[in-house]
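Colleague: Spelled out, the chains give:
Protein chains: 2
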Amino acid sequence: MQKKEHILIIGAGLCGSLLALRMAQQGYSIDLVEKRPDLRKADISAGRSINLAFSDRGMKGMKLVGLEEKVTELCIPMYGRMLHDREGNTKLSKYSGRDHEYINSISRGGLNALLLDEIEQFENVQLHFNLSCKEVDLKETKAVFTNENGEEITLKADYIFGTDGAGSVVRKSMMQQRDFLFSFSQNFLTHGYKELSFPATKDNSYAADAGALHIWPRGENMLIALPNLDKTFTVTLFLAYEGGDYNFNNLTHPEMVKEYFQKEYPDALALMPDLATEYFENPTAPLGTVRCSPWTYRNALIMGDAAHAIVPFYGQGMNASFEDVVEFDQILQAQDFDFTEAFQQFSKSRKKDADAIADLALDNFHEMKSHTANDLFLKKRKLEIAFETEFPDEYSSKYSLVTFEEGISYDEALQKGRAQDHAILRLLKNNQLKKDETLATQLQQVQEETKVILEEQELL
Amino acid sequence: MQKKEHILIIGAGLCGSLLALRMAQQGYSIDLVEKRPDLRKADISAGRSINLAFSDRGMKGMKLVGLEEKVTELCIPMYGRMLHDREGNTKLSKYSGRDHEYINSISRGGLNALLLDEIEQFENVQLHFNLSCKEVDLKETKAVFTNENGEEITLKADYIFGTDGAGSVVRKSMMQQRDFLFSFSQNFLTHGYKELSFPATKDNSYAADAGALHIWPRGENMLIALPNLDKTFTVTLFLAYEGGDYNFNNLTHPEMVKEYFQKEYPDALALMPDLATEYFENPTAPLGTVRCSPWTYRNALIMGDAAHAIVPFYGQGMNASFEDVVEFDQILQAQDFDFTEAFQQFSKSRKKDADAIADLALDNFHEMKSHTANDLFLKKRKLEIAFETEFPDEYSSKYSLVTFEEGISYDEALQKGRAQDHAILRLLKNNQLKKDETLATQLQQVQEETKVILEEQELL
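Residue numbers (UniProt numbering), protein chains in the order written: chain A, 1 to 460; chain B, 1 to 460.
For the record, the hints were derived by calculation from the structure and aren't laboratory data. It should be emphasised that the depicted structure is a prediction, and the values quoted were computed from it without experimental measurement. Treat the hints with care, as some may be off.
[Said to hold, decoys possible] Covered stretches of chain A (chain B as the covering partner; in silico rule of three or more C-beta atoms under 8 angstroms from a C-beta of chain B):
#1 214-228
#2 424-436
#3 452-460
Where a beta carbon is used, it is the ideal one built from N, C-alpha and C, also for glycine.
The following block holds chain A by itself, in its conformation from the complex (with noise of 0.2 angstroms):
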């Protein structure tokens, strides 16, 4: 059944592109823009973001539209870390002790394309690409864009939604048209990443282990390696700016990026052939966490990446931003297609979960690339994969309530998975976990000192 709002949605990445697959399915009548050209026509992945890591809070989206076997196809399963050091040995330390969980390899542009594929079977959506946004007025709610030309568009609808990404127009304005009662942050970490690449083999398969996130730790920064569906790996080095005795500011020669992966990443090196063409053709992007409250202004509300930016450490961008759609859309239909209210409650209820998700990306950062250094951390690590293969239905660890755990919010998961962590941590530098107690009784320990971290925070 039509619906009679018409819905502006600007940004037709893969949050837009989900929520505009998912207003049409609701009957409303919408017009998707986006800024860039249509990437199934145009090559414009320019070097950064190719694939992805896809997973149950994301999954949680395509089922609401019913892609749940299509996107399947598009996966690559990863099961763990693929621990790689200096000498080139490897060791993988898996997701989880459960067989079952693992996340998955997926190309942004592939999964982009299975959303605009699919909305364009909609005759209620209008899409527009190569128009570029410039300004937001809430008050009449309408938009205004510039074509390939320059000219001048102006879309007016009942209600915007800004899933423009983490420089988003309509959330700056926002910010212009709310003034001082709109709270903003952007922080910067002191690293960039770039996007490298292995190619495949000459017999056409993987050069790497495909089952597996590859990771290179080395304290200050890292590599990491992701497989691709036509056997290639996208590889980015995360890497300081400045400091240290290389960085993004001094590699400035082919000699010395190839010095520097010869002493820091020599297995790596050896499968990549193009290796100083890619580095100084692709770019070198920043690494930046955007949050801002509130997310709604009169008719427009912002969401995804435009509302809550977060650094890719724990593969949970665009899975939160699934997330959103899929939240949204259970609230809208609560308060019976009213928008306002949905984007009221959606703005208040939803932020919580996007700030515990912002920082445990950022833990995360600090977690992978110092991987290997922290006896306590690898002791951890092994008592959790024993309780989650043991009691399955009794434990996961942070990393899995985060990731797998897709019925519990991201404030939950990171609540209970920072007291686990702590509790556990306490119990072993104490020497309280006895190895000659059952790990039935060792599980009931941390569940027992979990509780009690839990319930002192209560009172700070």
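Knowing the structure of chain A, use the given hints to seat chain B on it.
Modeller: Here is chain B on its own, set in the frame of chain A:
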């Protein structure tokens, strides 16, 4: 001795004036520019932030420029918080168990005038009023101002200091000209504030005890009052913009304002003959925290509120800004007056202290407005005052560490103070602090538990 560098200081509020005075004493040639008129000649208070809490870190700044004695004449000592309940009963909660530790109520205008008077005795300082900064060109180290007639004036310098407050134009120029590597946040509370007053009594004395900071804690909202030298009190209402029975958005009629005060603050209302007039004439202002990083770019540095605006609940905003000047002065001397190096070092070393006092100030809002609610907190406070009284050299509460121990940094005060709070609350909750033990034994218990907590935090 005259130094060769020419310095431009934008903003002649408290921080900029102290900085200018110190730099003048060091022999630099200075332009000190203020957008407002000379506050010694015009009343520009506009109903906001009339008086401030001046304490030991602020005094460090005044000692640095030799104004210790003159500033003392402006100070009204406040020995504790006088808590007022709804029935008008009062109870003094002392700031410290040591008699020589107290904070002072001081007039913002009086303090600023003292600094400006001193500055005018230096021929190497050029003071400019009514010059509003439009933009800073960081590449050229120059700034464009507009005067009262709308004419543009450009001032060039070797080094520029931005001490232009929370809405800093220098910071905005840094943000624009550095683009993505400038981290920035502005966060607003859901509460605003409005300044009101108690006039002097008919026989020209204080309407309430002038030796205390008065608080009417009411859970979500609160009223506070600080004495002025002219026997009046400046009274500040901290109230939510929305929600609850009464808020800034719904108090739109004099009768409602009186009804609210009658219900929540009856003993204060009795001292406020001009409440309705003041309430509607004085502005409602937001409460925000501004953080950013770095504080320097090219030949410019921001300082004070421009770099770290905080909410007023620890009474440390001005004290933190004065400590900035002291810290910068030390670094500049240690760097043999190399500004470029000093800017970098100050921006790095001072940031964590600015973040610490911002966090502490936010925490204190919740403590102040719900002051009497929690039994455990009252027990903790009683114990801490006993420790400070009996063992003055061995214990300082978080409040004392922040406010009276100017020899340790805000960040140290936060870490140690929070761990102590945690320790005492944990011991109280678990009934581990036995009343039949001596106070010395209890202190030892708290110190040991604090150590355990600090060690555990290292782990996480």
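Colleague: Hints the structure violates: just list their numbers, smallest first.
Modeller: 1
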